[in-house]
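Chemist: For reference, the chains in residue letters:
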Amino acid sequence: MQENTSELDLKDRINLIETMIAEGRRKTESWGWTFVLWGLAYYVAIAWSYLGQPALAWPITMIAASILTGVLASRAASKKPETTIGRSMMAIWIGMGVSIFLLMVTLSVSGRMEIHVGIAIVGAMLGTANATSSIILRWKMQFACAVVWWACMIAAQFVSATQAGILFLVALFFCQIVFGIYGMIRESQRNRAVAARQGASHA
Amino acid sequence: MPELPELNPVIHGKLRLALLSLLSSVEEAEFTWLRSKTGSTDGNLGAQLLKLEEAGYVAVEKKFVQRKPQTLYRMTELGREALTEYVQALKQLLGAAIGA
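Residue numbers (the working numbering), protein chains in the order written: chain Y, 1 to 203; chain U, 1 to 100.
Just so you know, not all the hints are guaranteed correct.
[What the hints assert, rightly or not] With a straight-line cut-off of 25 angstroms between C-alpha atoms, the simulated DSS-like cross-links for lysine-lysine are: (1) K14(U) to K11(Y); (2) K14(U) to K63(U); (3) K51(U) to K62(U); (4) K11(Y) to K91(U); (5) K51(U) to K63(U); (6) K14(U) to K51(U).
[Unchecked claim] Derived DEER-like restraints, expressed as beta-carbon distance ranges: (7) Q157(Y) to E27(U): 41 to 49 angstroms; (8) I136(Y) to E85(U): 28 to 36 angstroms; (9) R67(U) to S188(Y): 27 to 35 angstroms; (10) A47(U) to S66(Y): 19 to 27 angstroms; (11) F101(Y) to K51(U): 43 to 51 angstroms; (12) F101(Y) to K68(U): 26 to 34 angstroms; (13) G95(U) to F173(Y): 33 to 41 angstroms; (14) L137(Y) to K68(U): 29 to 37 angstroms; (15) G13(U) to F173(Y): 31 to 39 angstroms; (16) A22(Y) to E85(U): 15 to 23 angstroms.
[As the list claims (entries may be wrong)] Which chain U residues face chain Y? A few, computed with CB under 8 angstroms, are given here: (17) K14; (18) L17; (19) L22; (20) S24; (21) A55; (22) L90; (23) L93; (24) L94.
These are calculated hints, taken from the structure and not from any lab test. Built from N, CA and C at the ideal position, the CB exists for glycine as well.
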C-alpha cells in the first residue's frame, strides 16, 4: 500500500487533517443573540424603573430574560460539540450574569440603588467579562467593548446622575445591541460559508 | 536509505481520518455534528465509527436528553497517540516523496 501512496494523496491527507481540526476548533457557539436579548432586557428594566416601579422592574425583567436565555441556549447547545473554550465562555457569562442579577435585584428591592455606584459595579463586571472572553477568543472587537465599559465606569463617576445614566445607555447600546447584531451577522456569514463549502465538497 | 514508516490502515481511510481529526479538537461530539462536518451518510458514518471504536480509538456514550437518544463520541488516549503517530509517519513519507 505504502509504495502506491502518491505524494498527492499524502498531501491530501495532511490537508484533510488540517481542515477537520480547524472545523472542530471553529467557534461553533452562537451567542450574538444573547447580547441583544440582555441589552434589550436592561433597556426595558431601566425604562420601567424610570416610570416608577424599580422594585418590580428589575426582578421581573431579569427573571424573564434568564428564563428565555436558558430555554433558547439549551436548544442550541444540544447541537454543538462540547469544548473547553465553550465551557469557559459559559462559565464567565453565567458567573457574571448571576452576579449582576443578584446585585440589581437586591439594590432595587432594598431601595439603595445609587446610580454612580451601580454603573461602577456593572461597568466593571461587564468590562471584566468582555475582556476575559476576548482574550480567550482572541477577539479584538470584544476587547473594544471591554474598553467602552471601563471608560463608562470611570466617566460616570465624574458627571451628574442624569449624564451617568446617559453614558450607561450609550455603552449598553454599543456593547450589547450593536456588538450582538455584529456577532449574529458574523455567525450567519460563517454558516453560509460552511454550507457553501459542504455543497462544493459534495458536488 | 532509512526504512519508511507504515501508515496505520485503521486511520488511513479518509472518513476515519476526518473523524479522528475532528474528535481531536473537541472534548466530545454528537453523531449528528460529526455527520454535518463530514457530509457522510448515517450508515457509512456509523460503520466507520464502529471500526474506530473496535480499535479502541474512540469511546461512545449513549444517553437520553429530553427523552431523545443522543450518541456522543470521544477520542481515547490510544486514539490520540495513534493519530499523532500517523501524522508523523505521513510527514516522513511526504518528506521522502519530495526528496525522491
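Chemist: If a hint holds in the structure, say so; if it doesn't, say that too.
Modeler: Status of the hints after comparison with the structure:
| no. | hint | verdict |
| --- | --- | --- |
| 1 | K14(U) to K11(Y) | holds (12 angstroms) |
| 2 | K14(U) to K63(U) | violated (28 angstroms) |
| 3 | K51(U) to K62(U) | holds (17 angstroms) |
| 4 | K11(Y) to K91(U) | holds (9 angstroms) |
| 5 | K51(U) to K63(U) | holds (21 angstroms) |
| 6 | K14(U) to K51(U) | holds (13 angstroms) |
| 7 | Q157(Y) to E27(U): 41 to 49 angstroms | holds (43 angstroms) |
| 8 | I136(Y) to E85(U): 28 to 36 angstroms | holds (31 angstroms) |
| 9 | R67(U) to S188(Y): 27 to 35 angstroms | holds (31 angstroms) |
| 10 | A47(U) to S66(Y): 19 to 27 angstroms | violated (44 angstroms) |
| 11 | F101(Y) to K51(U): 43 to 51 angstroms | holds (48 angstroms) |
| 12 | F101(Y) to K68(U): 26 to 34 angstroms | holds (30 angstroms) |
| 13 | G95(U) to F173(Y): 33 to 41 angstroms | violated (56 angstroms) |
| 14 | L137(Y) to K68(U): 29 to 37 angstroms | holds (30 angstroms) |
| 15 | G13(U) to F173(Y): 31 to 39 angstroms | violated (52 angstroms) |
| 16 | A22(Y) to E85(U): 15 to 23 angstroms | holds (21 angstroms) |
| 17 | K14 | holds (6 angstroms) |
| 18 | L17 | holds (6 angstroms) |
| 19 | L22 | holds (5 angstroms) |
| 20 | S24 | holds (6 angstroms) |
| 21 | A55 | violated (17 angstroms) |
| 22 | L90 | holds (6 angstroms) |
| 23 | L93 | holds (6 angstroms) |
| 24 | L94 | holds (5 angstroms) |
Of the numbered hints listed earlier, those contradicted by the structure are 2, 10, 13, 15, 21.
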